[in-house]
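First to last, the sequence lines map onto chains A and B. So for the first sequence, the numbering used here puts the first residue at 18; every next one is plus one. So for the second sequence, the numbering used here puts the first residue at 11; every next one is plus one.
Treat the hints with care, since some could be wrong.
Only pairs whose alpha carbons sit at most 30 Å apart, straight line, appear in this in silico DSS-like list of lysine-lysine [said to hold, decoys possible]:
| id | chain 1 | residue 1 | chain 2 | residue 2 |
| --- | --- | --- | --- | --- |
| 1 | B | 247 | B | 199 |
| 2 | B | 48 | A | 35 |
| 3 | B | 89 | A | 108 |
| 4 | A | 108 | B | 239 |
| 5 | B | 199 | A | 108 |
| 6 | B | 199 | B | 154 |
| 7 | A | 108 | B | 100 |
| 8 | B | 100 | B | 154 |
Stretches of chain B that chain A covers, calculated by requiring three or more beta carbons in the stretch to come under 8 Å of a beta carbon on chain A [unchecked claim]:
| id | segment |
| --- | --- |
| 9 | 62-75 |
| 10 | 103-111 |
| 11 | 155-165 |
In case anyone wonders, no lab produced these hints; they're calculated from the structure. We put the CB at the ideal spot given by N, CA and C, even for glycine.
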Amino acid sequence: MNDHPIQSLNELQTQLQKLPGIGPRSAERVAFHLLRESRDYAAQLAGAILAIKDRIIHCRTCYNLTEVDPCSICSNASRDHGEIWVVEQPKDLLALEATGLIHGVYHVLMGHIAPLEGVGPGDLTIDALLDRVRADNVREVILALNPTIEGDGTALHLQSLLAERDVRVSRPARGLAVGTQLEYATVSMLESAIRGRAPM
Amino acid sequence: MSLIRDQAVVLGRLDYSETSQVIVLLTREHGKVRAIAKGIKRGTKQRFAAAIDLLELGSVVLSARQDRPHTLANITEWKQTRSLLGLREKLHRLHAGQYVAEITAALTEDWDPHAVMYDALVHALVVLGDADTPLPAVTAYQQKLLDEIGSWPRFDACVLCGRMDELTHFSSFEGGMICRHCEPTHIEKREVGPITRAMLIDISTTNDPTPAFDLLDYHISHLMGRAPKLSEALLTKTQRGHVR
Ligand SMILES: [Zn+2]
Ligand SMILES: [Zn+2]
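Chain A extracted, bound-state conformation:
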């Protein structure tokens, strides 16, 4: 694939091709682009890549990605620490946080239970969540997991564990996607929406 006689160029293209969405052609284009750019820019790019590897860690409380531990959300005293939003991945946390509507804190499970893929409860940060619920006077846990078979299975597992604690367990509403048309909704979306209809 990379048949340039110049070995360093080949190496860069091989590395670039490991990135998501980058095929041989894009890798070649990026490699030649970088070749034309200044050495300063190349150093900045390399430095930025190394920085995320060196500086970003998981918050030991909520497992969010952060450069300081605890993260800025966990250390924010004005947030409601009695309300924990449980998500699968840091990306899900970012999506919820971007709404500006969440005053509570988060807990990132780092995945979901997927029995067919051999992922069990022990592979997630469930114990840490239970410790938090026990220690932090938590009133409500909101299970904001993906509404897939695995996400729902994980939510049911957590619900059974939390049932023994004095804590309210809820999940976000499900059904029709706002801004779409009803006729394109799937049967599952419609059924969820019909069953979960709300007064207005």
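Here the structure of chain A is known, so what remains is to put chain B with the ligands in place on it, guided by the hints.
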């Protein structure tokens, strides 16, 4: 390339690239098919109203080369036809649903149609969606599946000598019961009590099919070459291998 329209159940899915997934389907008329669903994770394509989830039921349009069965088909259309939200309400239902999907995917060949099995699978999922205990529906499906692939064991007589009494053991390798006299020469075997054997001769009369499920799961494990991953979730350790 030919276009195929069929009904299908989603048995499995795995990430193929950033934006596409490989979906394992059991179709009614064409058997098990592996197909790529492009653009599914971003939801970029209108024709997929949403990502295709495990255990979903739908009508599918596939473009495929059946003359080259090892190449992946492409999903060009998917429309969910029936919602099975009940499955998602209880953990044991979800486990049972994943168990039947797992054994179906493991014990069927690509492009080998089994309409009876397909109907039985849909029936099992529908029943599970409302079930207080999952094992009756699961055991009934185990039976249908084994029957369809020609691996339903013989429970009425010794598979080695034909005698109909003193049937004390089951051998997956031999495909059925073996008697007290034939049993000592066999390594792969499992003790089976009269209650279990009676259940397997007539599953429809059984209220609690736990021992029947356990024995069929043992047989299925041998056919699969490994234990189904969901077995443990459906059966406690004390129930497993308990001779009745
Ligand atoms: Zn944190
Ligand atoms: Zn015999």
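Now for the hints, and whether the structure bears them out:
1. The straight-line distance between the Cα atoms of residue 247 of chain B and residue 199 of chain B is roughly 19 Å, inside the 30 Å bound, and the hint therefore holds.
2. As the CA atoms of residue 48 of chain B and residue 35 of chain A are separated by approximately 20 Å, the hinted pair is consistent with the 30 Å bound.
3. For the proposed pair residue 89 of chain B and residue 108 of chain A, the alpha carbon gap of about 28 Å is at most 30 Å, so the pair holds.
4. A hinted pair counts as satisfied when its Cα atoms are at most 30 Å apart, and residue 108 of chain A with residue 239 of chain B qualifies at roughly 29 Å.
5. Restraint check for residue 199 of chain B and residue 108 of chain A: not satisfied, since their Cα atoms lie roughly 50 Å apart, outside the 30 Å limit.
6. About 23 Å separates the Cα atoms of residue 199 of chain B and residue 154 of chain B, which keeps this hinted pair within 30 Å; it holds.
7. Under the criterion of a C-alpha separation no larger than 30 Å, the hint pairing residue 108 of chain A with residue 100 of chain B is consistent with the structure, at around 27 Å.
8. Restraint check: the Cα-Cα separation between residue 100 of chain B and residue 154 of chain B comes to about 24 Å, which is no more than 30 Å; the hinted pair holds.
9. With 4 residues carrying a beta carbon less than 8 Å from a beta carbon of chain A, the segment 62-75 of chain B meets the three-residue requirement, and the given coverage holds.
10. With 5 residues having a beta carbon nearer than 8 Å to a beta carbon of chain A, the segment 103-111 of chain B meets the requirement of three or more and the stated coverage holds.
11. Given a C-beta distance limit of less than 8 Å, the hint that chain A covers the segment 155-165 of chain B is violated, as 0 residues qualify and 3 are needed.
Hints 5, 11 from the earlier list are contradicted by this structure; the remaining hints agree with it.
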